[in-house]
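If you want the building blocks of each chain, they are given just below.
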Amino acid sequence: MSDKLKIYPVINFSDEQEQLLEVATNFCRNRWPNERIRQQIKDEDSIDAYVWQEIVELGWPGVAIPEEYGGSGLDLAEVVTLVEPMGQYLLASPLVSTTVVAQALIVAGTDNQKSHLLPAICEGSVASQALSEPHGDWDLLNLNCKAEREHGKLSLSGTKNLITDAHVADIILVSVIFEGEPALVMVAKEDIPQSSIRRETIIDETRRSYRLCLDGIAVPVDNLLRQEDTIKALNRIELVSCLLHTAEICGANNAAINTVVEYLNTRKQFGRFIGSYQALKHPTVQCLQEYEAARSLLYYAASVFENEHEGEVAVRMAKAQAGMAFSFIADRAIQFHGGFGFTYECDAQLYRRRAIWHESQFGDGNYHRQKLAELLL
Amino acid sequence: MSDKLKIYPVINFSDEQEQLLEVATNFCRNRWPNERIRQQIKDEDSIDAYVWQEIVELGWPGVAIPEEYGGSGLDLAEVVTLVEPMGQYLLASPLVSTTVVAQALIVAGTDNQKSHLLPAICEGSVASQALSEPHGDWDLLNLNCKAEREHGKLSLSGTKNLITDAHVADIILVSVIFEGEPALVMVAKEDIPQSSIRRETIIDETRRSYRLCLDGIAVPVDNLLRQEDTIKALNRIELVSCLLHTAEICGANNAAINTVVEYLNTRKQFGRFIGSYQALKHPTVQCLQEYEAARSLLYYAASVFENEHEGEVAVRMAKAQAGMAFSFIADRAIQFHGGFGFTYECDAQLYRRRAIWHESQFGDGNYHRQKLAELLL
Amino acid sequence: MNKTDNELDDFRYEVRDWLEKNRPKKPDFLMPQSFMEVGTDEQFHYLREWQQKVYEAGFLGMAWPREYGGGGRSQILQDIATQEMKVGKFPFMINAIGVSWAGPLILNMGTEEDKRKYIKGILSAEDIWCQGFSEPDHGSDLGNVQLKAERDGDDYILTGSKIWTTLGNYAKYMILLARTNPKIENKYAGLSYFLSPMKIQGVDPVPIQKLTGEYGFCQTYFDGVRIPASCLIGGEGNGWRVAIQTLQYERNAEGGAAGGPTSEIPYVHEVIDVARKIKRDGKPAIENPHIRDQAIKFLITEVACRANLVRDEIPSLVIERPQSLSMSLKGYGCDFWQKMQEFAMSLQGQSAAYYVGDDLAVAGGRWHRAYFNSFSTTIGGGTTEIQRNIVGERILGLPKS
Amino acid sequence: MNKTDNELDDFRYEVRDWLEKNRPKKPDFLMPQSFMEVGTDEQFHYLREWQQKVYEAGFLGMAWPREYGGGGRSQILQDIATQEMKVGKFPFMINAIGVSWAGPLILNMGTEEDKRKYIKGILSAEDIWCQGFSEPDHGSDLGNVQLKAERDGDDYILTGSKIWTTLGNYAKYMILLARTNPKIENKYAGLSYFLSPMKIQGVDPVPIQKLTGEYGFCQTYFDGVRIPASCLIGGEGNGWRVAIQTLQYERNAEGGAAGGPTSEIPYVHEVIDVARKIKRDGKPAIENPHIRDQAIKFLITEVACRANLVRDEIPSLVIERPQSLSMSLKGYGCDFWQKMQEFAMSLQGQSAAYYVGDDLAVAGGRWHRAYFNSFSTTIGGGTTEIQRNIVGERILGLPKS
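Protein chains in written order, with the numbering used here: chain W, 1 to 377; chain C, 1 to 377; chain F, 1 to 401; chain H, 1 to 401.
Think of the hints as simulated: they come from the structure by calculation, not from any bench.
Worth double-checking, as some hints may not be accurate.
Unchecked claim - In silico SDA-like pairs for lysine to any residue, Cα to Cα no more than 25 angstroms straight-line:
| hint | chain 1 | residue 1 | chain 2 | residue 2 |
| --- | --- | --- | --- | --- |
| 1 | W | K4 | H | P284 |
| 2 | F | K279 | W | K268 |
| 3 | C | K268 | H | G282 |
| 4 | W | K6 | H | D9 |
| 5 | C | K4 | F | L19 |
| 6 | H | K283 | C | P134 |
| 7 | H | K53 | H | Q75 |
| 8 | H | K279 | C | Q269 |
| 9 | F | K400 | C | R272 |
| 10 | F | K3 | C | L5 |
| 11 | F | K26 | F | Y170 |
| 12 | F | K400 | H | P399 |
| 13 | F | K279 | W | F273 |
| 14 | F | K53 | F | K120 |
| 15 | H | K187 | C | Q269 |
| 16 | W | K268 | F | I244 |
| 17 | C | K6 | F | D335 |
| 18 | F | K89 | F | T40 |
| 19 | F | K283 | C | L5 |
| 20 | H | K279 | W | D3 |
| 21 | W | K268 | H | D9 |
| 22 | W | K6 | H | Y267 |
| 23 | H | K279 | C | P134 |
| 24 | C | K268 | W | F273 |
| 25 | C | K4 | F | V310 |
| 26 | C | K232 | H | Q75 |
| 27 | C | K42 | C | Q53 |
| 28 | F | K400 | C | L5 |
| 29 | C | K6 | F | G364 |
| 30 | W | K146 | F | D281 |
| 31 | F | K277 | W | K268 |
| 32 | F | K283 | W | N144 |
| 33 | C | K6 | F | F336 |
| 34 | H | K339 | W | P283 |
| 35 | W | K268 | F | D137 |
| 36 | F | K279 | F | A363 |
| 37 | F | K283 | F | G364 |
These numbers come from a predicted model, not from an experiment.
All chains, full assembly: derive it from the sequences and hints.
Following this line, the structure appears as C-alpha cells:
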C-alpha cells in the first residue's frame, strides 16, 4: 500500500524547454507590458490578433502536435515553458485552450478530424472548449447538454458556460450526452449564430468568457469524436488543463511576488522601508517558499506527465499547491500594499482576481486533495 | 435549519463564582509554586495529601453536589472557577475526576449509592473513573470490558486504561457491558488487588495514570448504577469532563502566555529584547487572542451548561477552541524560548506535554468539530 | 435609570415591532455592505433616508443629551435597538463617521456652540461627516501628517491632500488632522484637529476606484482652503491627543457612539446557506467534509467573538488584562471576517469564476465583493499588523518593534 | 569522470547489495533519531561501529581526496550511496559534525598537516567532532561570542563556556569560535576559529537534559584551557569568515560533505501507516476525512521538498533567484517536518496520552519524541525566524529588520 507513497520526483528539462522558456519570457516581456494588461481589461476582445499571429508564426500552437499534422512533435512539457511566462505577464492568448482541444483530438479524433483540424490549429485556428454547465460541478461527466440525430445532422441542446474566448474561436469542442453516453462534438464558428453566444462577467477581467446556448445549433454527424474514447479524452482534457493552468499560475505567482517585493522595498512607514518589518517580510518569504514548491512540482509534473498514475498524481499535487500558493500571495499582496492595495490601480487585484479564477477551473486544492486521497491512500 | 446557527452567547457570572475564582487563584498560587510542580513530577504520587485535605476543608469536592447529600448545591459553573486556577498553577488534585464521578452518580446512582457515596465525596473520598480501553476510541460506548453475575456478585473482566489517580482513589467508576448493554459499576479500593493496578507512562508527567486489569475482581451487585440511565450518565460524564478540562486548559494556557511574555521581555538577541521582533511578538498576540476566545467560550459554556443542545454545543466549541489555542501557545513557547526551550528545565515542555494530554482526553478539536457539524449543520 | 428585565424586554419588542413595520423595501440596485462602500447616488439617498427615519423614531442617539437632539435615555436601550437592527439585518447608518467618531468627540470636547451646531445634523444624517486622517504618503503613520493649516488672522489656510475619505463627495464636514506647526521638533506637537467644512471653495474630493471596480473613497485635495479658527477643536497643537481620543471611539466600537449598525455584518450561517445551495460532486457543498470542518471552525470563532464582547462586560473575568478583549476586537474580528468571506467565495467551486453582474454569480457576487471590501477593515484604521503591535505592546507589555 | 547511466545503475545495485548484506541488527534499545540525540553509550557505540563499517566499505568520503583517507571517486557515486542509505533507512553517520562541517572546512582551509591529521579519523568515526559556536547568553547571535582565547606564547588560553555541544562528552575535537581580541571595535574582527582538542585538562562537557527527558547535548566549560596556536584555522581575527563558511556547508547540506545520512528522516508514508493502525470512531483514522486531507497536504509538501532539491540542480530553472531553493531548505523543510511530526502525534487520539516507555505508546512513543526533538532543527543552527530573515534579505533583497 505504502509503496505508491514513496515518490522520488524526477525533473527532466530538455534543451528545447530551456530555449523555449527563454524565448517565451522575452516575447511576453516585450509584447505585454503593464499598460497592455490594463488595455486588455478594457478591450471587448482580450486577445490581441497581432500577438496571436506572432505566436502562430513561432509555431507554438503546434508544439505538442505530432509532426505528421504539421506540429513540432514535442511534449506538453515544452508547452509548459511557453505558458508559464504568459502567466507571469498576464498575456492573454488562446494557446492553452487551443492546445487542450488539440490534445483531445489526438486522443479521440477521427482520422478525418485529425488530418483537417490539427494542421489548421498549427496554422493559427483558435480552438476552445465548452465543457462546463451552470450546475457548477467540476465533474466533466455531469452533463445535461444533449446531441440528437435529426435530419442527418446532430442537433444540440442545453447551455454551456465558462467558455474562454468563444467569440473568436474557430472551433469549439462541446461535451454532450449522445445516445445516453457522454460524447464530444466539434462545433465550427459558422454553425453558431451570434445570438447564441453571450459574454459573461467573470472575476478575472483579463480574460473573456462566454455562455453558449446550444438550442437550435446543428452540426454534421462527422463532427462527433470517436465516442468510445470520450472518457479517455475528457480525462486527458482535465489533466492537460490542470498542467497548463498550473504553469500559468506559477508564472503569475512569481509576478505577484515581484510586485510585493518591489513595494516593500519602496514604501516607507514610520521612517523605515516596510520590507524591514518582520510582520511583512516573513509572510512574504513564506509566499516565496510556497511558490518555489509549486514550481518544482510543476516541472516534476511536466516531466512525468505521460506516465500513468504518477503523471496524474504529480499534476494534481502541482495544481493544489500552486492554487494555494497563488491565493496566499495574492491575498497578502493586497494587504501588504496597504491603502494602495485597496485600489483598482494597484496590480494586487489583478493577481487576486486571477487566483480566484484559477481555483474555480478544473478543481481547487480541496478537490485535488480528495482525488489524491483516492489515488494514494 | 439555520436558526440553531444563530448563537448569541450569554455569560452569567455569579458572586459565588467571583469569590471562588479569587480564593482558588490565591490558594493555588500559594500552595503550588514552580518548585512544587517539579517535585510533583518526581513524586510517585502526584497528589499532595495535605493540599487535598485543605481542598476538602474548603468544601470544593461538594460544590456541585446537592445540599441534601452534604454539598453546596451550586452549579458546575462554580467548579469551573476552581479548576481554572488549578490549571494555571498545574496543581495536581483529583477534584475533576471526583466531580465527574459525583455527577454520574447524581444522574444514574441508586438512592442507596447516592446517600452513601455523595456525602463521602463531600468529606474527601477520592473518586476516579475507568472508562477508556486500550483500543483508544473516544466513544465511551465502545466497550469490551464485561460484568457478569456470578455467585451473587458481579464478576468483572477486561482491561481499563488511562485511569487518573487510580492508586489513591477510594472508589472507581467502571464502564462495562452487562447483560449485553452498557453499564456503570462502582468499584471500591478494597476490592482491587494491588497487582491489578499498574502505573502508565504518560506524556504529562504532572499526572499519574494507571491501567486496571479487571480480571478476578468481583463486586456486590448493588454497586451497579441504574442501568437504564447509563447512556445519560455517560453523556453527562463526557460533557462535564469536557467542561472541566477546558477550564484546566484555559488556566494552563494563560500561564503559558505569561511564561512566554516574561522570556520575550528578558532575553536579548542582537542587542534587542527578543519581544521587540514582530516574528515573535505577533504570533504571541495571536496566541493571546485564541486564548481569550477560548476563555470566553468556557464561561459561556459554564453559563448555559444545563441547557440541552446549547450546553453541548457551547462545551464542544469551548473544548475545540481551548485545545487548539493551548497546543498553539505551548508549541510556540518551546520555539520562542530558543535553546532554553529545548531543555527539560524550561517550563515550556510542561505546557506542551499537558496540551498533548488534554487533546488526548475526551476528544480533540477535530473530534468535537465533527460532533458540532452533526449538531449544527 | 435601572430597568427591570421586563421593561427591557418590552422595549425590545417595541423596537422590533417598529422595525418590522418600517423595513425599507428591498432596493433594485446593489447595496453597499458598509458605509465605506457607498458609490452611487441611489445608494446614498436610500441609506440617508433610512437613518433619518430611525432617528425620527427615536432609535438613534438615544443616550445622547436631549438638548442637542439626542434622546436623553439610557445606553442599554440604545444597545437593544442597535442589536435589533443588526440581528434583523436592517440597513446600516450611513453617517457612520458622524455617529461613531465626530459626534462622541464633539460631545466630549466640543464647545457648547459646536454641540448645538453639529449633533442633530449628525443623527438625522442631514449633515454627512467624513474623516481626514490618512495622507497618500504615510497611511498608518498619523504622526507624520503633512497637510498644512497656516494661521492667517481669524482663519486657517489648508493646503495638501487627504486620502481614503469615505463619503468625501457627499460630506458636509470633515474631522481633519492637520499640521499647524511644521517647525516644532516634536512632530506630534505640530498637529491640530479641525471640524472642517467640505462644501467650500478649494476643497476637491476625487473618487478613487476600489479593487472591486466600484467607488466609495475619495482623495480630497485642499488648495488654499480658508476656514475660520473656530473650527479648531481641542486647541492648537493638541491634534495628536484629539486624534488618539477619536481612534479610541472607533476601537472601543460602541463606546460613546450614537448607535445603529454601521455595516452589514456577515454571519457564518449565511455562508453555510451558500454551501447548502452550491453543488460539489453532485451533492450540496455542505456535505463535503472539508467544508463542514471549515464552517464549524468559523462558527466557533464567530461565537467566540460575541462571547468576548459579553465577557468584556464582566470586570472580574478580564481582571488580568483589562483592555485585552476590547483592543483585540478589530484585529481578531476583521481577520476572521476576511477569512470567512474568502471561504464563502472559495466554496463556490466553479461558480466562483463569476462576479457581480453575472446572473450565475452566487448571491449576485456578494461574497467576492465582501471579501475584497474586507481589506478596508484589515488595512484602514490601522492595519492588522499594527493592531498586533498595539496589543503586543500595550496588553502584553512587549517592547516596541 | 562522466559515468554512463548504466554504470551508475550498476553502482547503485552494488551499494544496495552491500547495505542489505551488512544491515546492522536491530538494537534492543531505543535508537536516537539524529546525531543530536545520542544520549547513551550503547547508542554511541552502535552508531560509531556502523559509520566505521560504511567507511571501510568505501561508501563514505568517496569524493574526498584519497591521500587523506577519502575515496578519490566522483561525487555522484557518493550521492547515490547516500541516497541508498537514506531510502533503505540505514543508521545515520554519528560523526555528523565531522563529515558535514569540520571535514569540508579542513579540506578547504586547513593546512596539509591538518588534513593528514584529521580527515581519516573523521571518516572512520575514530575521532568524534563537536561544535562550539553558541553560548548560553547569545544563542543565535554568533557575532557576540564571548569565550576568551588569550594568546600566551605559542598557546592560547581558553576561558568561558559553549552550549548545545552535541556529543560533547564523546568528542575528541571541537570546531570552536572564540574571541581573541575583546577590545577591537568591529566585534566580528575579534573572533578566531580553532580546531580544539576536547580530552584535555580544563574542558568539562556537562550533559543537558532535553525537553524529551533524555540527553544528547552538553554545556562545555573551558577553565583556563591551554591549546597550541597551531589549532587556529583561517588565521587570527578571521573567525567570523570561517564560521560563515562553515554554516554554508550546513545550509547547502550536501555541499562538500563526506556523505551518508546524518539523521533518520521521517517520511509521510510512515505517518500514514500510523493512521491506518489507529482507530477513530471504530474505524482506521486514515478514513477520517480531516486526517486524509492533512495527510495529503503533508505528502504534497514532502514531494515538493524533494522536487526542490532536484530542480535546484537545473540552472535554468533557478535562474531568477539562484540561491532561493538552497537557502530555504532548512527553514521550509524543518518547519514542515515539525508540523508533520506534530500531526503524527495528534492523530493518535486517546493513545497520544502515552509516552516513550509505555507498551501502549504508538510506535514506542517515537512520534512524540520526534516532534519534541524537531525543535532542535527549528531552533538550532539559526531559528526558523532567522532563516526567514536571511531568505528575505538575501533572496528577496528586502531591507534588514
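Comparing the hints with the structure gives:
no.	hint	in the structure
1	W:K4 to H:P284	holds, 19 angstroms
2	F:K279 to W:K268	violated, 46 angstroms
3	C:K268 to H:G282	violated, 50 angstroms
4	W:K6 to H:D9	holds, 19 angstroms
5	C:K4 to F:L19	holds, 23 angstroms
6	H:K283 to C:P134	holds, 15 angstroms
7	H:K53 to H:Q75	holds, 20 angstroms
8	H:K279 to C:Q269	violated, 45 angstroms
9	F:K400 to C:R272	holds, 10 angstroms
10	F:K3 to C:L5	violated, 30 angstroms
11	F:K26 to F:Y170	holds, 23 angstroms
12	F:K400 to H:P399	holds, 19 angstroms
13	F:K279 to W:F273	violated, 46 angstroms
14	F:K53 to F:K120	holds, 13 angstroms
15	H:K187 to C:Q269	holds, 15 angstroms
16	W:K268 to F:I244	holds, 22 angstroms
17	C:K6 to F:D335	holds, 20 angstroms
18	F:K89 to F:T40	holds, 21 angstroms
19	F:K283 to C:L5	holds, 21 angstroms
20	H:K279 to W:D3	holds, 22 angstroms
21	W:K268 to H:D9	violated, 56 angstroms
22	W:K6 to H:Y267	holds, 8 angstroms
23	H:K279 to C:P134	holds, 10 angstroms
24	C:K268 to W:F273	holds, 24 angstroms
25	C:K4 to F:V310	holds, 19 angstroms
26	C:K232 to H:Q75	violated, 68 angstroms
27	C:K42 to C:Q53	holds, 21 angstroms
28	F:K400 to C:L5	violated, 41 angstroms
29	C:K6 to F:G364	holds, 23 angstroms
30	W:K146 to F:D281	holds, 20 angstroms
31	F:K277 to W:K268	violated, 46 angstroms
32	F:K283 to W:N144	holds, 16 angstroms
33	C:K6 to F:F336	holds, 17 angstroms
34	H:K339 to W:P283	holds, 17 angstroms
35	W:K268 to F:D137	holds, 8 angstroms
36	F:K279 to F:A363	holds, 14 angstroms
37	F:K283 to F:G364	holds, 22 angstroms
Violated hints, in rising order: 2, 3, 8, 10, 13, 21, 26, 28 and 31; the structure is consistent with all others.
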